[in-house]
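Let chain S serve as the given structure and place chain H with the ligands on it in line with the hints.
Top to bottom, those sequences are chains S and H.
The working numbering puts the first residue of the first sequence at 1, with every later residue one more than the last.
The working numbering puts the first residue of the second sequence at 1, with every later residue one more than the last.
Because the hints were derived from the structure by calculation, they are not lab data.
Source: prediction; values computed, not measured.
We put the beta carbon where it would ideally sit given N, CA and C, even for glycine.
Be careful, since some hints might not be right.
[Said to hold, decoys possible] So, partial list: chain S residues that the calculated Cβ filter (under 7 Å) puts toward chain H:
no. : residue
1   : ALA24
2   : ARG27
3   : VAL28
4   : ASP140
5   : GLN242
[Said to hold, decoys possible] To list a few chain H residues with every Cβ distance to chain S over 10 Å, as calculated:
no. : residue
6   : VAL10
7   : ILE20
8   : GLY24
9   : TYR50
10  : THR65
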Amino acid sequence: MPELFETYDDIDDIGSRLQAADPAERRVAVIDLGNSGDPAAIRYLETLLADPDPGVREQVALALGEFDGPAVAAALAALLIDPEQPVALAASNSMAELKDPASADPILPLVTHADAFVRMSALRALKEVRRRDALKPALDALRDPDASVRVQAIGVIGFLKLEEAIPALTAAATDADRNVRRAAVSALAFSTTKSAADAIARSLADTDWMVREVAAETMGSSKFGRQVADALVQALNDEFWQVRLKAVRSLGKLKVARAIPAIAPSLAHPQANLRKEAAAALGEIADPAARPLLEAVVNDPDPEVRKNARWALGKCTAAGLASSR
Amino acid sequence: MPLATTHTSVPVVVDDAKCIADKGCTVCVDVCPLDVLRISDMTKKAYMAYDECWYCMPCETDCPTGAVKVNIPYLLR
Ligand code: SF4
Ligand code: SF4
Numbered sequence: 001m002p003e004l005f006e007t008y009d010d011i012d013d014i015g016s017r018l019q020a021a022d023p024a025e026r027r028v029a030v031i032d033l034g035n036s037g038d039p040a041a042i043r044y045l046e047t048l049l050a051d052p053d054p055g056v057r058e059q060v061a062l063a064l065g066e067f068d069g070p071a072v073a074a075a076l077a078a079l080l081i082d083p084e085q086p087v088a089l090a091a092s093n094s095m096a097e098l099k100d101p102a103s104a105d106p107i108l109p110l111v112t113h114a115d116a117f118v119r120m121s122a123l124r125a126l127k128e129v130r131r132r133d134a135l136k137p138a139l140d141a142l143r144d145p146d147a148s149v150r151v152q153a154i155g156v157i158g159f160l161k162l163e164e165a166i167p168a169l170t171a172a173a174t175d176a177d178r179n180v181r182r183a184a185v186s187a188l189a190f191s192t193t194k195s196a197a198d199a200i201a202r203s204l205a206d207t208d209w210m211v212r213e214v215a216a217e218t219m220g221s222s223k224f225g226r227q228v229a230d231a232l233v234q235a236l237n238d239e240f241w242q243v244r245l246k247a248v249r250s251l252g253k254l255k256v257a258r259a260i261p262a263i264a265p266s267l268a269h270p271q272a273n274l275r276k277e278a279a280a281a282l283g284e285i286a287d288p289a290a291r292p293l294l295e296a297v298v299n300d301p302d303p304e305v306r307k308n309a310r311w312a313l314g315k316c317t318a319a320g321l322a323s324s325r
Numbered sequence: 001m002p003l004a005t006t007h008t009s010v011p012v013v014v015d016d017a018k019c020i021a022d023k024g025c026t027v028c029v030d031v032c033p034l035d036v037l038r039i040s041d042m043t044k045k046a047y048m049a050y051d052e053c054w055y056c057m058p059c060e061t062d063c064p065t066g067a068v069k070v071n072i073p074y075l076l077r
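Okay, chain H solo, but in the shape it has when bound:
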């Protein structure tokens, strides 16, 4: 699985200002069927650790604060 290099180059982007992983939330990490999301040890926020995605969306829809944005590639829309 390719490691995501920067957090902004991947399809799933987390808004750190909204993410409450530092308060204990792990919803997006738990729902992702591909297990590609993680909570960063440094920022204590969620991010996409592996650049693999099914665009299945639960990470975005289940996030309690609306912090996750899944950018679906144009051709898949």
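With the rest of the complex left out, here is chain S:
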């Protein structure tokens, strides 16, 4: 068990162990450099980017993940094109941890790299650093032939939350790849524009149920308000209960009282999860008219359904008392 306050050797002492002939010893020194948390370790790690042992290079990629900044990003960029896959993967994962906006400088040029994995990793890393000048390369990457690159490009655009990107996101919501469409629909959640609301509503009729599921969920977390309620009520007829579940939850969040009759059949669905969400949604809506529906399920065989039904019943009763005062 580590001590509460671990003491580490002097960074230069650890650095001197990087000269060891045995790759295992170099590897342990790299672990110590990463654990030191001292940014002075970065310049030592940089000396091992071309170490002959792939295990050492992989460890360097992992250790760099403990630090941030442009020097770290540049070192990780070098490891991202390593011929050994575990090294490149570790570099990709560490890169995704970067937060310092200045880290984007060495990463931006990689967005047009010949290798799709490098392009995908670069965009993934650019997401959290949230740099405005990443928007243009990310928009261009929406035309990338590789779907995983397009998904990450949407991540960059979604994190920036810029209204000017809405047309590109609505177009991506009709991409040939379902993962791209899913990413685009959820990225639209930040917008308050009608075109975004329309795009999400159209996605409720997507051929792929997983896209419809994301669309139904996004509508509840969006700022579109009740203008999307009709589309959500429609989604309660979806052949997939997973889509209905998200639609029920969103209708609850938006407190759409006119959806109560349409939610009612979900209280009797064989899926306990859907019954639970339906009861919870009626509680959110808190309309006394839902009381008889809820009374019918307070003794449901599933404890979660019973719990939510009783809570919802309380909310509906309280709302009734408040309005009769």
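Just chain H with the ligands now, kept in the frame of chain S:
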């Protein structure tokens, strides 16, 4: 805490050929929340010293050489 009798009868098995504890690695010992892993004085390799385990996995995932294998009991999977 029951002492582990043999190194192969416990849920966490270390591949001595891969383990680099003899070069100074103590990653698995450091990450284990139950403090049940040790470096053997004899073999200089890591092993499970106490047969107690939460199956929380960091020893396996953090081992730099992939030497640790946590065998999760069938009923917990
Ligand atoms: S699985 Fe968790 S409790 Fe078990 S040995 Fe590994 S780190 Fe310790
Ligand atoms: S983490 Fe792996 S290499 Fe390090 S001591 Fe434990 S088993 Fe050995």
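Comparing the hints with the structure gives:
1. The closest approach between the C-beta of ALA24 (chain S) and any C-beta of chain H is roughly 4 Å, which is under the 7 Å cut-off, so the hint is satisfied.
2. A hinted interface residue such as ARG27 (chain S) counts as satisfied when its beta carbon comes closer than 7 Å to some beta carbon of chain H; here the least separation is about 6 Å, so the hint holds.
3. Annotation: interface hint on VAL28 (chain S) holds; nearest CB of chain H at approximately 4 Å, less than 7 Å.
4. The interface hint given for ASP140 (chain S) is violated, since its Cβ lies 36 Å from the closest Cβ of chain H, which is over the 7 Å cut-off.
5. Checking GLN242 (chain S) against chain H: minimum C-beta separation of about 25 Å lies over 7 Å; hint violated.
6. Remark: the non-interface label on VAL10 (chain H) is consistent with the geometry, its nearest Cβ contact in chain S lying 18 Å away (cut-off 10 Å).
7. Its closest Cβ contact with chain S, about 4 Å, brings ILE20 (chain H) to no more than 10 Å, contrary to its assignment away from the interface.
8. For GLY24 (chain H), the non-interface assignment is contradicted: its Cβ lies about 4 Å from the closest Cβ of chain S, within the 10 Å cut-off.
9. Every CB of chain S lies more than 10 Å from the CB of TYR50 (chain H), the least distance being 12 Å, so the non-interface label holds.
10. With a least beta-carbon separation of about 7 Å from chain S, THR65 (chain H) fails to lie farther than 10 Å from that chain, contradicting its non-interface assignment.
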